[in-house]
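So the sequences go chain by chain: F and S. Sequence positions in the first sequence follow the working numbering and run 1 to 401. Sequence positions in the second sequence follow the working numbering and run 1 to 170.
What the hints contain is simulated information worked out from the structure, not anything from laboratory work. It cannot be assumed that every hint is accurate.
Stated by the list, open to error - With a straight-line cut-off of 27 angstroms between C-alpha atoms, the simulated DSSO-like cross-links for lysine-lysine are:
#1 Lys48/S / Lys225/F
#2 Lys214/F / Lys308/F
#3 Lys217/F / Lys313/F
#4 Lys308/F / Lys48/S
Computed from a prediction, not measured in an experiment: that's the story for all the values here.
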Amino acid sequence: MEGSTSSEAGKLDLGRIGLLLFRNAAEGLVVVDERGTIRLHNPRLHSMFGYEEGELDERPIEVLIPDALRAKHVAHRTAYHKHPAPRMMGIGMDLRGKRKDGSVFPVEISLNHFTVEDRMFVMGLVTDITLRYDAEEALHRTNQELEERVEQRTAELRNAEQSVREALEKERELHALKGRFVSMASHEFRTPLSTIMSSVDLIGRYTGNEAEGKVGKHVARIRTKVREMTAMLNEFLSLERIEQGQVECNPTPLDIVDLCIGLIEELRQLARPGQSLDYDHTADERSVTLDHQMLNNVITNLVTNAIKYSHDKDRIMLRTVIADGRLSISVMDRGMGIPLEDQQHLFERFFRGSNATTIQGTGLGLNLVKRYLETMNGTIEFTSIPGNTVFTVRLPQHLGK
Amino acid sequence: MPLPPIGSIRDLVRELMKHDANNAFTGILSRYAIPIEDLQRYFRWNNKHYTRTCVHRNADFELLVICYEPGQATSIHDYDSQNAWIHPVMGEVEVERYAMGEHGLRSLGADWLRTGSPDLFRTGSAIHRFVNHGPARAVTLNLYAKPLSRWHVYEAGSSKARTAPPGPRR
Numbered sequence: 001m002e003g004s005t006s007s008e009a010g011k012l013d014l015g016r017i018g019l020l021l022f023r024n025a026a027e028g029l030v031v032v033d034e035r036g037t038i039r040l041h042n043p044r045l046h047s048m049f050g051y052e053e054g055e056l057d058e059r060p061i062e063v064l065i066p067d068a069l070r071a072k073h074v075a076h077r078t079a080y081h082k083h084p085a086p087r088m089m090g091i092g093m094d095l096r097g098k099r100k101d102g103s104v105f106p107v108e109i110s111l112n113h114f115t116v117e118d119r120m121f122v123m124g125l126v127t128d129i130t131l132r133y134d135a136e137e138a139l140h141r142t143n144q145e146l147e148e149r150v151e152q153r154t155a156e157l158r159n160a161e162q163s164v165r166e167a168l169e170k171e172r173e174l175h176a177l178k179g180r181f182v183s184m185a186s187h188e189f190r191t192p193l194s195t196i197m198s199s200v201d202l203i204g205r206y207t208g209n210e211a212e213g214k215v216g217k218h219v220a221r222i223r224t225k226v227r228e229m230t231a232m233l234n235e236f237l238s239l240e241r242i243e244q245g246q247v248e249c250n251p252t253p254l255d256i257v258d259l260c261i262g263l264i265e266e267l268r269q270l271a272r273p274g275q276s277l278d279y280d281h282t283a284d285e286r287s288v289t290l291d292h293q294m295l296n297n298v299i300t301n302l303v304t305n306a307i308k309y310s311h312d313k314d315r316i317m318l319r320t321v322i323a324d325g326r327l328s329i330s331v332m333d334r335g336m337g338i339p340l341e342d343q344q345h346l347f348e349r350f351f352r353g354s355n356a357t358t359i360q361g362t363g364l365g366l367n368l369v370k371r372y373l374e375t376m377n378g379t380i381e382f383t384s385i386p387g388n389t390v391f392t393v394r395l396p397q398h399l400g401k
Numbered sequence: 001m002p003l004p005p006i007g008s009i010r011d012l013v014r015e016l017m018k019h020d021a022n023n024a025f026t027g028i029l030s031r032y033a034i035p036i037e038d039l040q041r042y043f044r045w046n047n048k049h050y051t052r053t054c055v056h057r058n059a060d061f062e063l064l065v066i067c068y069e070p071g072q073a074t075s076i077h078d079y080d081s082q083n084a085w086i087h088p089v090m091g092e093v094e095v096e097r098y099a100m101g102e103h104g105l106r107s108l109g110a111d112w113l114r115t116g117s118p119d120l121f122r123t124g125s126a127i128h129r130f131v132n133h134g135p136a137r138a139v140t141l142n143l144y145a146k147p148l149s150r151w152h153v154y155e156a157g158s159s160k161a162r163t164a165p166p167g168p169r170r
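All chains should be modelled from the sequences, with the hints used to inform the complete structure.
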């Protein structure tokens, strides 16, 4: 590199200083001509790229560019020669240099140009930024990990908050449920308890031979009332168990006809005077795989309702049909029916039909039926007009465990 | 030459499966000589209602063990099975027979089924009920051909159909 000047004061040899600066610069310096040939470079440059001294002389600058970017670099270089200006190279891009051994490393390059004897040369200042790049990468990774951890923790907190909310909501619902139960029990237990009390009083007064028949009648009445109260308590306890997630579905093979005849024989004892119960099964197939207790509860509840809301001497019909892998159960009665305005609320907890307030009940039965059916992938629907109410349940014939 | 007695539930089911219901079941049941020990595994007792336990069922027939505590009774009922044979194997039960008349159910009388009785009670589609008046438990072996698929309970809530007064309990 040529160049020298002098000052009046120090007589410094600037050419020599420039050469020393060039040779000892901590960054790589390279000068290429208009064809992209390396015309000059300092030792830092060839050591940075893993070359021996002199190996890069007269070589195209593209030997220092990763293979994949070489063609583009030629185009960039040509464009720069047409519109030269001092600038950073590859702004917004991750620049890479290629060492002699083929390895690639991150670099930062500043470009400038100068003209000597009408020929333009481009000078590049090349900085190996591997350490900075690695530090940035590490920082980026750490940031990313931190962000992920924060996100994960936030999600955990959100889930925990949701769980707490749900637990609180459940607690609130259970509290409300218990409140409703206390209110319902204090109202619904009053009538059977006073019946029991008066029967007990009368039993205490009977004496002599004629007493036997009367005592038997009152004992039967007490039994009925105690059974009603037990049924109410059982409904509430069942609901509480469902609410607390303590009810598991355990499908077992069952004979639906056996089950229904057995239930009809049990439930006839609840029937009103003269009522008849008719059970009919359609299909040769009788085997189902469902939760015995839940199915029992569903049928018991629907038949008991039909008995309760029908008149003396009415006929109550229970039908089962098995077809296409589905079990259909329908319960029909000719009772008072469900008022139209009540029908949309029928499966709500504690709901009592406006025409049924004088009939004993908790308002939990149909809610329980629906919950049991949901557990067994079943559905329930009904149609009702005065004198004709039909509840229809549909279930898979065989429910997997 | 008379056929040999049937001495186990397994043999009884095997015989029933071999033959046609209408022609042979009465004859098969007349050879009944099954010791009660062989049936006991099917006994179930419930102090609220009588119990029904299936011994065997196929497309042609079903064989049930029915257990009655003293005082327990079936409903007044009928069913769709053309043929039904009721064989008492323990204790005794009363069979009340009814007919549906213009004014509702009318009693046609009653019979007793006692353990060891040579006669089977054959119900068909008649309206009837079984009552164990006690004081001991009672068990019957019921054979239906075809299996039941309809069960009609008459006057379920009337005094007539209510469970009989309980007898002494064990």
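Here is what the structure says about each hint:
no. : hint                : verdict
1   : Lys48/S / Lys225/F  : 15 angstroms, holds
2   : Lys214/F / Lys308/F : 25 angstroms, holds
3   : Lys217/F / Lys313/F : 21 angstroms, holds
4   : Lys308/F / Lys48/S  : 20 angstroms, holds
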